[in-house]
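Here is how the chains run, residue by residue.
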Amino acid sequence: MAGEPAKTGNHGGIARAPAAGERIADRLFRGGTRVLTWLVVLLSAYIVWEIGGSALPAIREYGLGFLIGTEWDPNAGKFGVLPQIWGTVYSSFLALLMAGTVGLVIAIFLTQGFLPAKLETAFRSIVELLAAVPSVVYGLWGIHVVIPLLRPAADWLHAELGWVPFFGTTLSGPGMFPAALVLAIMVLPTVAAISQDALRAVPHKMREAVYGMGATRWQAILKVIVPAASSSIFGAMVLGLGRALGETMALAMLVGNSNQITLSLFSPANTLAASLALNFPEAGVVEAGALMYAALVLLAITLIVNVIGASIVARSTRRLEGQA
Amino acid sequence: MAIAENLVTTAFAKDAVLDCRLDRLHYGSFQAVRDSHIPVHKGRITGFIGPSGCGKSSVLRCFNRTNDLIPGFSFDGQVLFEGSDIYAADIDPVAIRRFIGMVFQQPNPFAMSIFDNVAFGLKINRYKGDVAARVEEALRQAALWDEVKDKLKRSGLSLSGGQQQRLCIARAIATSPTVLLMDEPCSALDPIATQRIEELMLELKERYTIALVTHNMQQARRVADNTAFMGVDIAGGRRTGYLVEFGSTDQVFEDPREALTREYLRGKFS
Amino acid sequence: MSVAPGPSAFDRAAITRSWRRRHTLTSSLLTVFTWLVALLACVPLFSVLYMLVVKGGARLSLAVFTELPPVAFEPGGGFGNAIVGTGVMVGIAALLAVPAGILIAVYLAEFGRASRIARIARFCIKTLTGMPSILAGVFAYAAVVLVTGGYSAPAGGVALALLMLPTVVLTAEESLRMVPQPMREAAYGIGCTPTQAVLRVVLPTAAPGALTGIMLAVARASGETAPLLFTALFSDYWINQLGTIELMEPTASLAVLIYNYSGMPFENQIELAWAASLVLVILVMLANGAGRLLGRNRTGH
Chain B
1 MAGEPAKTGN
11 HGGIARAPAA
21 GERIADRLFR
31 GGTRVLTWLV
41 VLLSAYIVWE
51 IGGSALPAIR
61 EYGLGFLIGT
71 EWDPNAGKFG
81 VLPQIWGTVY
91 SSFLALLMAG
101 TVGLVIAIFL
111 TQGFLPAKLE
121 TAFRSIVELL
131 AAVPSVVYGL
141 WGIHVVIPLL
151 RPAADWLHAE
161 LGWVPFFGTT
171 LSGPGMFPAA
181 LVLAIMVLPT
191 VAAISQDALR
201 AVPHKMREAV
211 YGMGATRWQA
221 ILKVIVPAAS
231 SSIFGAMVLG
241 LGRALGETMA
251 LAMLVGNSNQ
261 ITLSLFSPAN
271 TLAASLALNF
281 PEAGVVEAGA
291 LMYAALVLLA
301 ITLIVNVIGA
311 SIVARSTRRL
321 EGQA
Chain P
1 MAIAENLVTT
11 AFAKDAVLDC
21 RLDRLHYGSF
31 QAVRDSHIPV
41 HKGRITGFIG
51 PSGCGKSSVL
61 RCFNRTNDLI
71 PGFSFDGQVL
81 FEGSDIYAAD
91 IDPVAIRRFI
101 GMVFQQPNPF
111 AMSIFDNVAF
121 GLKINRYKGD
131 VAARVEEALR
141 QAALWDEVKD
151 KLKRSGLSLS
161 GGQQQRLCIA
171 RAIATSPTVL
181 LMDEPCSALD
191 PIATQRIEEL
201 MLELKERYTI
211 ALVTHNMQQA
221 RRVADNTAFM
231 GVDIAGGRRT
241 GYLVEFGSTD
251 QVFEDPREAL
261 TREYLRGKFS
Chain D
1 MSVAPGPSAF
11 DRAAITRSWR
21 RRHTLTSSLL
31 TVFTWLVALL
41 ACVPLFSVLY
51 MLVVKGGARL
61 SLAVFTELPP
71 VAFEPGGGFG
81 NAIVGTGVMV
91 GIAALLAVPA
101 GILIAVYLAE
111 FGRASRIARI
121 ARFCIKTLTG
131 MPSILAGVFA
141 YAAVVLVTGG
151 YSAPAGGVAL
161 ALLMLPTVVL
171 TAEESLRMVP
181 QPMREAAYGI
191 GCTPTQAVLR
201 VVLPTAAPGA
211 LTGIMLAVAR
221 ASGETAPLLF
231 TALFSDYWIN
241 QLGTIELMEP
251 TASLAVLIYN
261 YSGMPFENQI
271 ELAWAASLVL
281 VILVMLANGA
291 GRLLGRNRTG
301 H
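Chains as they are written, first to last, in my numbering: chain B, 1 to 324; chain P, 1 to 270; chain D, 1 to 301.
Since the hints were derived computationally from the structure, they do not count as laboratory data.
One or more hints might be untrue.
In silico BS3-like cross-links for lysine-lysine, where the CA-CA straight-line distance does not exceed 25 Å [to be verified]: (1) P:149 / B:223; (2) P:153 / B:223; (3) B:223 / P:123; (4) P:128 / B:223.
With the Cβ distance kept under 10 Å, some of the chain P side facing chain D (calculated, not the full set) [said to hold, decoys possible]: (5) 82; (6) 83; (7) 84; (8) 86; (9) 88; (10) 90; (11) 95; (12) 96; (13) 98; (14) 99; (15) 124; (16) 178.
Label-pair restraints from in silico Cβ distances [what the hints assert, rightly or not]: (17) D:42 / B:161: 25 to 31 Å; (18) B:161 / P:90: 46 to 52 Å; (19) D:296 / P:128: 51 to 57 Å; (20) B:153 / D:53: 24 to 30 Å; (21) P:161 / B:161: 54 to 60 Å; (22) B:281 / D:266: 19 to 25 Å; (23) B:162 / D:296: 49 to 55 Å; (24) D:18 / B:258: 54 to 60 Å; (25) D:12 / B:120: 34 to 40 Å; (26) P:15 / D:12: 15 to 21 Å; (27) D:296 / B:77: 54 to 60 Å; (28) B:120 / D:53: 25 to 31 Å; (29) P:236 / D:115: 50 to 56 Å.
Using N, Cα and C, we set each Cβ at its ideal position, and we do this for glycine too.
Bound-form chain B, shown alone:
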């Protein structure tokens, strides 16, 4: 290259050190991402602080008696959430009982060679689509399809087997069972997906070994493959439980907003999330405070369940992969 070297380069080439602007932009960008990451941590703390702070007056007022009180009467200033806690736990376990069974069977169905690969993918999409339907639409469907469909069967069960606590009442409209059934449908994709991952993580050589022994497909599945994946599957159930505990709309629309503690599947009940959704918009200052306390209780329960579920899944996946 003739003449004097280009101003920006050494050795007459194009290369040059990064300009001051580039260095500053680099610092700013990297700093910016770091600050945002800090912010998301602060935001999480702020959420807890904000909900906790709003609940504080109610916590001072009602103390731990709030958790075991059974009455919710804004006019009398009495607030207790035991029926809501009971309803939350009962509906979630019912839902998990249904979704867990069906989800595990579907996971087996989709991972153990019952279908050709293409049909497997198609079927998997159908199950995943269940998760894409908004919960308010499930609520609408529950009110206008599920409840009318269940009612004759429920009333027959009550008439014939009314002495069994589960069938102690008729299904007059909204109630625990339709709510739990719809909840189960909503939790199903979560449970099915994580269980599928768990079953797929079982090393192929272990499958070969068990079939090589002359086990039938179901002996292989039930005695070796599912047990090997069992802790991840258990984690899937716990995560499904976490989802069910916090689900709001389907329950608000189907469970009946009635604060009572009963085993009856057809009786109306209430849950923490549903009672927030149903009562918050019209709550006065005092009741809003009590609802904030209820929100804090819900936050604590779901937080604990989710952290436990996630750590079970993470640990058991690591273990299976470690041995593979």
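Once you have looked at the hints, place chains P and D on chain B.
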């Protein structure tokens, strides 16, 4: 030569407990093995050797229909077990695998205790006798008993690689299958563990019929009574394996009939 | 069990298929049971879709997109304002959650991968994923509605953003991690600053994956109801009144409209709820499908 070979094979086939008459083996549209007629004799060890890609493992996996688990697998020919074709429509592959056990390349214990691993086959066969005694016997035969007798409740996965493989052998022989298939059982093991397994095979020969695939020719020389040498055609980047020659191990190693076998043994290719 | 059977004592019946063998029978029964359960699991989805098409499709017309919600006994009407409201609030949420989410993902996957703050942030975000959506509403109520003094579209947007953020961060981080290391090394090797390497090489490569996450988050947010109940509330009017856009007023959304109308005793409102559900599900599925399509192209690559 082909005729001579067939005569030899037929003569051998007379008292074979397992007689493989493989014509073609496909995975999807890919032909993996062709024309391999190999008998496996009662109470002897039959070794399968050959260069990698010659399909020796594929052939072995036909013997108890483990290949059925692979999508796209198809098989032309017959495998006669005690005179019955195991690929016949009325044969239950699950039952076949109970009579013909298998030990795989990688040790693959189940995620359960050592005891339960060995007892597994007894359970699925609804064994009515003394399970604990049978488990102990199998572990003794697999030369593992002394090392694990105090920790039978520990997970099978907690053992070392060589121990895991012996556990898998114990698991396979606990039900005293008629034939034991071993697919490169030492390939994942160190030399000391390998030597133990080889000694074990020689002991097991007293009670079981063994078919052994190995990439280690010295191993075949040391333990096999009969040897099948397989070769491979490479056409258009696709490898199709076939039987080159079959005979007693001494004959195959010392006086091979085929030039290809001779070249292979001399180490021209591996 | 006897030791290996003697020569020629072998009974062929031992290896033939037989229905009398217990394992064959149990196996078949279990397989039939599995098929039944799998087919049963399809029933709800098809029932929902059937109802949406039949009930919602019957009511679908141009009017539902252009008219305002009817009052109690009024016939006709629509939910044009709710479609606009949902769009505005999801838009606000995306505006808040997407840029922040991507930048956080960049920090987690690139600059601060193993740092302590990254680990803590990852834990917080995973925890946020599991937070019940109603609590996002409670938070936005306390932090926005009470502060600004009223129900509004931004309050709803903040609540939705809180639900979108974890999905955006986690999928973007995942796709950034899938960018092969040699590509990063090539960028540094040519003299890029870390920022240039990320913005010009790594992020564009990871873009389809991150977009999948964004679309899935948008799909989820569009269908959310609980967080809007006491942040945006509902409105029977258009968001732009007398030529000005009234962001700081209660705002309608499809989801809340469905909720409000679902329990009403009036046939007209229930029909509208079904029609709104159909529109909402179509919107959600479109966003979902777009996300999946992007995801598939990435994996097919």
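In ascending order, which of the hints set out earlier in this document are inconsistent with the structure?
Failing hints: none at all.
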